[in-house]
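Protein chains: 4
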Amino acid sequence: MLESDHDARWGEGCGVFGIFGHPDAARLTYYGLFALQHRGQESAGIATSDRGEIRHLKGMGLVADVFTPDNLSRLPGNIAIGHVRYSTTGRSLIENAQPLVVRYRGGMLAVAHNGNLTNALQMRQELAARGAVFQTTTDTEMVAHLAARYAGADGHKDVVAAIRRAFQDVQGAYAMVLMTEDRLIGVRDPHGIRPLSLGRLGDAWVLASESCAFDAIGAEMVRDVAPGEMVVVDRAGLHSLAVAPAARPALCLFEFVYLARPDSNLAGVNVHMARKALGRRLARDWPVEADLVAGVPDSGIAAAAGYAEEAGIPYEVALVKNRYIGRTFIQPTESDRLEALHVKLNALRKVVDGKRVVLVDDSIVRGVTSRHTVRLLRAAGAQEVHLRISSAPYRWPCFYGIDTSRASELVAVGHSIREIEQMVEADSVRYLSVEAMAEAVGLPLSSLCHACFSGEYPVPVDPAQAKEVFEYH
Amino acid sequence: MLESDHDARWGEGCGVFGIFGHPDAARLTYYGLFALQHRGQESAGIATSDRGEIRHLKGMGLVADVFTPDNLSRLPGNIAIGHVRYSTTGRSLIENAQPLVVRYRGGMLAVAHNGNLTNALQMRQELAARGAVFQTTTDTEMVAHLAARYAGADGHKDVVAAIRRAFQDVQGAYAMVLMTEDRLIGVRDPHGIRPLSLGRLGDAWVLASESCAFDAIGAEMVRDVAPGEMVVVDRAGLHSLAVAPAARPALCLFEFVYLARPDSNLAGVNVHMARKALGRRLARDWPVEADLVAGVPDSGIAAAAGYAEEAGIPYEVALVKNRYIGRTFIQPTESDRLEALHVKLNALRKVVDGKRVVLVDDSIVRGVTSRHTVRLLRAAGAQEVHLRISSAPYRWPCFYGIDTSRASELVAVGHSIREIEQMVEADSVRYLSVEAMAEAVGLPLSSLCHACFSGEYPVPVDPAQAKEVFEYH
Amino acid sequence: MLESDHDARWGEGCGVFGIFGHPDAARLTYYGLFALQHRGQESAGIATSDRGEIRHLKGMGLVADVFTPDNLSRLPGNIAIGHVRYSTTGRSLIENAQPLVVRYRGGMLAVAHNGNLTNALQMRQELAARGAVFQTTTDTEMVAHLAARYAGADGHKDVVAAIRRAFQDVQGAYAMVLMTEDRLIGVRDPHGIRPLSLGRLGDAWVLASESCAFDAIGAEMVRDVAPGEMVVVDRAGLHSLAVAPAARPALCLFEFVYLARPDSNLAGVNVHMARKALGRRLARDWPVEADLVAGVPDSGIAAAAGYAEEAGIPYEVALVKNRYIGRTFIQPTESDRLEALHVKLNALRKVVDGKRVVLVDDSIVRGVTSRHTVRLLRAAGAQEVHLRISSAPYRWPCFYGIDTSRASELVAVGHSIREIEQMVEADSVRYLSVEAMAEAVGLPLSSLCHACFSGEYPVPVDPAQAKEVFEYH
Amino acid sequence: MLESDHDARWGEGCGVFGIFGHPDAARLTYYGLFALQHRGQESAGIATSDRGEIRHLKGMGLVADVFTPDNLSRLPGNIAIGHVRYSTTGRSLIENAQPLVVRYRGGMLAVAHNGNLTNALQMRQELAARGAVFQTTTDTEMVAHLAARYAGADGHKDVVAAIRRAFQDVQGAYAMVLMTEDRLIGVRDPHGIRPLSLGRLGDAWVLASESCAFDAIGAEMVRDVAPGEMVVVDRAGLHSLAVAPAARPALCLFEFVYLARPDSNLAGVNVHMARKALGRRLARDWPVEADLVAGVPDSGIAAAAGYAEEAGIPYEVALVKNRYIGRTFIQPTESDRLEALHVKLNALRKVVDGKRVVLVDDSIVRGVTSRHTVRLLRAAGAQEVHLRISSAPYRWPCFYGIDTSRASELVAVGHSIREIEQMVEADSVRYLSVEAMAEAVGLPLSSLCHACFSGEYPVPVDPAQAKEVFEYH
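Just so you know, the protein sequences line up as chains A, B, C and D, in that order. Following numbering that gives the first Met the number 0, the numbering of the first sequence begins with 0 at its first residue and continues without gaps. Following numbering that gives the first Met the number 0, the numbering of the second sequence begins with 0 at its first residue and continues without gaps. Following numbering that gives the first Met the number 0, the numbering of the third sequence begins with 0 at its first residue and continues without gaps. Following numbering that gives the first Met the number 0, the numbering of the fourth sequence begins with 0 at its first residue and continues without gaps.
Next up, chain A with everything else stripped away, as it sits in the complex (with noise of 0.2 Å):
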């Protein structure tokens, strides 16, 4: 379970949501921005459309914080878009906050964006040559324009014409919704990187970055949008339109190891059972003797209960984490003379004391923390510690919306299992392989972004840009 965390170890990506035909459209994408709160904590955003006027609110920081009954109010309409983001503290401004909502001379157009668009730099470039401003440094702003030049030129008669040949101009990753004045349109990239599922609610059709947010607000899954569709919802119902020809699908296989919610389903597969598979071929493909397995909270729960079950070893709550920890908390420092503090997380020395102890993570990030963990439980007498990750080793920079800006830490780049082994004081240290994550979470491993653990990009990335997207998402 990692949708707790303010602490997030990985950089997520972005939420969207939206929803057409419910008087509620303003609190229902409250709630549904709610459920999605774990993909990005930095700002949240929602945009309504009422009597041909678009208005929006954003916000830095959480939902619950940034919304309250007084200004859900003040967002009337039956149509609304939402969006909650995820970004590195340099860039963190409000003018990056989404919906982005521009007026152009086709009306209002109002964009929330989950992942990135490879080509962005050199849309910017080109934008740019023929005169346009930038107000923020988000690619999203690049989906605006173009939406916005083709509108009324080309031929492009109307709205939902024009914003479908600007996507021809995008490639990357992106799980985007968009709202005109009396439209919603739901657009997912050719390979599907980022997910993006429509659902229903009486007479009211909903979109979702994941389905857990159809669930918060009772609605119904219908189906994941298609890698390269576009549905467009207006008063005469639901349209499916194509923006690019079929590509290999690759949806991002990190959303099962860590960025989606344990109850969400992703591709058909639910995440939590997805996470328990993984665990269980872990304790496949890596047994050690021990006396129990434990996972660290939140994130590495299941994949560790999925282990015990698999080992035949008693699964063990060996780590408390506690939930206060916010934005407010004072960290301590080293000044401080305090560095013995175990505030964030205990381990139960009369579970683990004299103990062989299975810990199982979804992931290692610097090793840090992993590091910490396993002294933590070391202290609290256990005889030995076996990590164990249900994943492959993340050695690879996202281009498709995660925030890797941190890549040249990455423990896994560069080092052997042995120096992993001894940089975060483990008794051993296994991963698994891309092939068996792709086996346990039942889909082909051709039809998934590996490119975290492999290299394997499924849209090139021009080396010149990559440098750019970290500057710039």
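Relax, there's no trap hidden among the hints.
Ranges of calculated distance between the beta carbons of each label pair, as one might list FRET restraints:
| hint | chain 1 | residue 1 | chain 2 | residue 2 | range |
| --- | --- | --- | --- | --- | --- |
| 1 | B | 284 | C | 72 | 51 to 61 Å |
| 2 | B | 441 | C | 60 | 47 to 57 Å |
| 3 | D | 367 | C | 68 | 18 to 28 Å |
| 4 | A | 64 | B | 441 | 37 to 47 Å |
| 5 | A | 418 | B | 245 | 52 to 62 Å |
| 6 | B | 330 | C | 51 | 29 to 39 Å |
| 7 | B | 284 | A | 284 | 37 to 47 Å |
Derived DSS-like pairs: lysine-lysine, alpha-carbon spacing no greater than 27 Å straight-line:
| hint | chain 1 | residue 1 | chain 2 | residue 2 |
| --- | --- | --- | --- | --- |
| 8 | B | 354 | B | 343 |
| 9 | C | 343 | D | 320 |
| 10 | D | 343 | C | 343 |
| 11 | A | 343 | B | 320 |
| 12 | C | 343 | C | 354 |
Pulled from the structure, derived: some chain C residues nowhere near chain D, Cβ distances all over 10 Å:
| hint | residue |
| --- | --- |
| 13 | 51 |
| 14 | 92 |
| 15 | 106 |
| 16 | 128 |
| 17 | 159 |
| 18 | 168 |
| 19 | 170 |
| 20 | 234 |
| 21 | 236 |
| 22 | 237 |
| 23 | 246 |
| 24 | 367 |
| 25 | 377 |
| 26 | 414 |
| 27 | 456 |
Hints were generated in silico from the structure; no laboratory data involved. Predicted model only: the values in this text are computed from it and were never measured. Where a beta carbon is used, it is the ideal one built from N, C-alpha and C, also for glycine.
Assemble the complex: chain A is given as a structure, and chains B, C and D must be docked to it using the hints.
For chains B, C and D alone, kept in the frame of chain A given last:
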């Protein structure tokens, strides 16, 4: 694991902390209170003593919201005490936040209290009759008044003697830490109803409601403060005094069920282990044919794991909780026509669909949440839902520091098991007996307070006062 | 006009307000305090009585910052008292904000105080010796303790008698409003040092530090509360009692110079008219050849106008003050290399260039601001600057409710007029005599307190206590 | 003195500031904006340029509320521009706050604008037709778009040429400061309707809407930026370019009446002196037998003093204003039954009782406040109240940057002097003529914009656009 829960079903009592002899006294108290945050989220306060002057800072809200690096730096000194408080809404006043700091003829005194004085009303009347004025509605203020009266009078030449004398006048359940300009004092009531432990960090002495606060700051547990004991720490070291003749020990049994943090040890028993043992006993006493065992997050998880182990039925995660629910969350209301929202809790359909589920929780308050949870599971396809409670029916108000202001609404009062089954819409509901609880926890029933289950109150409560308890606490 | 000034040079005392018999008691108190805001900007508070229960709300900051429509609505009742407070930084604690509300054997009591009790320390010691505890460092708490002690004791059967008895124990300067569950009480010390007036709004009775608060709510001034008088308002109407034998009246002369609002009338004298008269007298006593007369905004404006009229020299606006200076303003510092900033005050070059200026101010504290102002005028081209002060040299600390904690820094202490001229860099500096001040104001010198100018204290101050006054107030 | 007034009756325009070549650029801009705060209180913003990167910070509220030492320190660089903005409530969005900062092909550009572009709607449509998108509803965004389009196109090789070219497309009233990565630019429209001055602080160049901002930071006034002039400051120094052919100068006459600060000099005329001269002329043109002359605080004070001098009637303070009125003040409402409240303004009975009063104000908007003030004086005993207005009747909407969204409510529209007298309940009401105003100010009428009084607009306004002006500005 209950430590996370803003959405607390039971009004917890309070948490206290104290430290003597550390240059970072305020900062360590901050971390100590942080570890005790689960005991009270309404207000937080820290008082420190520096060169004969006691300073304090209190505020409404969480520890991390009240304190900042800036304001902590204005609390110098190497002695400190702290407090986190829960309170019913009506009396949720900043005036009632603790530590209470007073000036009196002997100097200054700071008091932080967990518990409830059963003769508070009578003491209040007696003190008032002598002309005392009160600025709070807490029983804690009584202790300050009594200590002030005895200081310098009745032959009590020193503060410690006056405070000790004061405690001979009070009855009820209390675990208190007090601070004079140059001393740290801890007192526990003769029955030891509320917990209080003594720890050591280098040369510094530490007091805390639960041992998890020692782990948080890297301190070591030394021992529990004994029932009826008063420990005094000054420059000469630690002194142990008796405040009252020996009485039968009666540690609160509900601490093991719900109140304490799983990584704390009370009376030598680890709380998490106790909860698993309660679950195992539940499986032995109330077995049922089922396909899986699930716990209500977070408080029922440990007992569910114990039940599953003992019953040989797979333990599963069937419910996912949204951890971003906080004070600012906008609750859906019936007038929103959004009753079907599952924002706080969601069920995993792929786990429970078509299955017979044993659902384990630690207790039932009004039954409304339990019914909601049962319905959630059935909507996700559960064939049967058997509710197993890892404690006895909670039927009696607590007069010893737990807010049971909604006592009249307790579902176990005046309803048979059959009726409760119907109310919560479960296929079956079963509780543990008090005797079974004590055996599972591993402490003699005669050494525990189980009044909330049995109505057997270790300290007599005058019915007339009982009413006031609700009013004043 | 001084009512505007966040940048107050003198620590004002406090302002008190009370109303009995109006359904909008809290809201009218809000407006009353608003009119008295110039008397204290550190904290504000209102207490109301409704059906036997006294509620209160206090906060740091301005009246308009502390109260909202929402929180005012939670102060029901048709009796209310309020308080605005100034305090030195060190003791600027929310605990010391008023009204002080206590519970005692007679019920509840709320107290709001303007002034200073000269025997506070002694009373504190006596009360402490009997076992009293104090939660504030204010002398106001003494009155509550005394009233509580006398209530029910010594044959005082009712609260009013107890409160009246309490005032026989206190000495010093005080204008207090008190509220019991069903009464509003106003008390003024035997010398009437601090002002307190009685007004009427329809059937309701009103008390306020200054008559401007009556105008604010549309009430009519009835009369001043007499020195040594205690007025009690209950359902039967208004009752007048004596709290002490007659003493010589000694209304604070500095109220006319600086403290009170120009639209208030004290002892029948309008404050603005008094200030103009002080300026006229200044022109008669200390004429000088000049081209124009200017006042230091805001406190010197009225006297400057009087001076100009009497001298027959044109009155001019030579200085403009930036009214947006507030608490959050970032002060320029020397380390900023921005010393030349004239952000708060600016001179009108076109007015003063080449002119001989009479600059009128009400008083000089340390001389630093005066020197800055003189320099500002010279930099704008003034040929000569003659400083005229519409009061006598301020040389003695006030023990009656004005914060003169910086008394040691008063420029008039230990410096001759010649030295002051050099320090403030003026061509000449002249003050009024105390006798001239009284004549200008139009009240007998013998009926005024002029201790800050003359050192003749109407109520004796024990030097040992004097020190404590600074500490405790 | 009007600079104080939260309670502004006229929607002011905006204030702009810029500085080039000072290491404390952001901090000096803070003080400069502080001095210009009277020109706009809705939002404030500062942008700085450091090493090729432009950073900015904007917020709703006053300068002192938006900026803190902490966030100012995050605006490094030795070039800065700033803006304070007034706006009608409906469009009071953070998106519309300035400086507007954009990225375009030429780099980055920051723009701060005071005025109104009369062809904004047309430009918007043209830009939109070419595919531009807009994120604000301000005309300022047009300038950024135009500059971006011209940069690199049409043979304009450098940014300055592009910006200069852009200004040939815009019409209306504007005083703008712009900043590129390495330049500070100031532009004033061909008529010079809105003021803009150039100053010097050591080696640094400064631009500001009014000269009072120079005094605030210790800078010296150099000269006004000329109508139609564009000044460019770079490392090589100051350059002067023309953006448009010469047109008749038309400086806003209302700046002298109300908008500007008294210590500013516009076109060489001191604003305070101009106001006094307007009052003197008023006395000559519209004498009346009276006992005293009083001004409405704060905007009528200077003219009242001039009137009194000229008429030989004593000037008196008859009205006292409460300076603590701010945004958070709870307005009394009729439903409160508190209509009689005189919280904001109070009359001095001792001054006006039995007297014939000449009341001087700078203008009348709807007449409601004037009637309230006249009633206040009569209630305080005034025998006669003669209202004298130091400007001509304000009858025409301003299309050049002053918010006159309530133009339809202007009392001078469609009412005779006799009717106005009846509406405001004065014994007489008299205005100045436009010719008399110009003579008093000392500038040729032909060099001033007096459209709001005369309807003679120096820049043609298309009626269709006029409507949009209200919508979009």
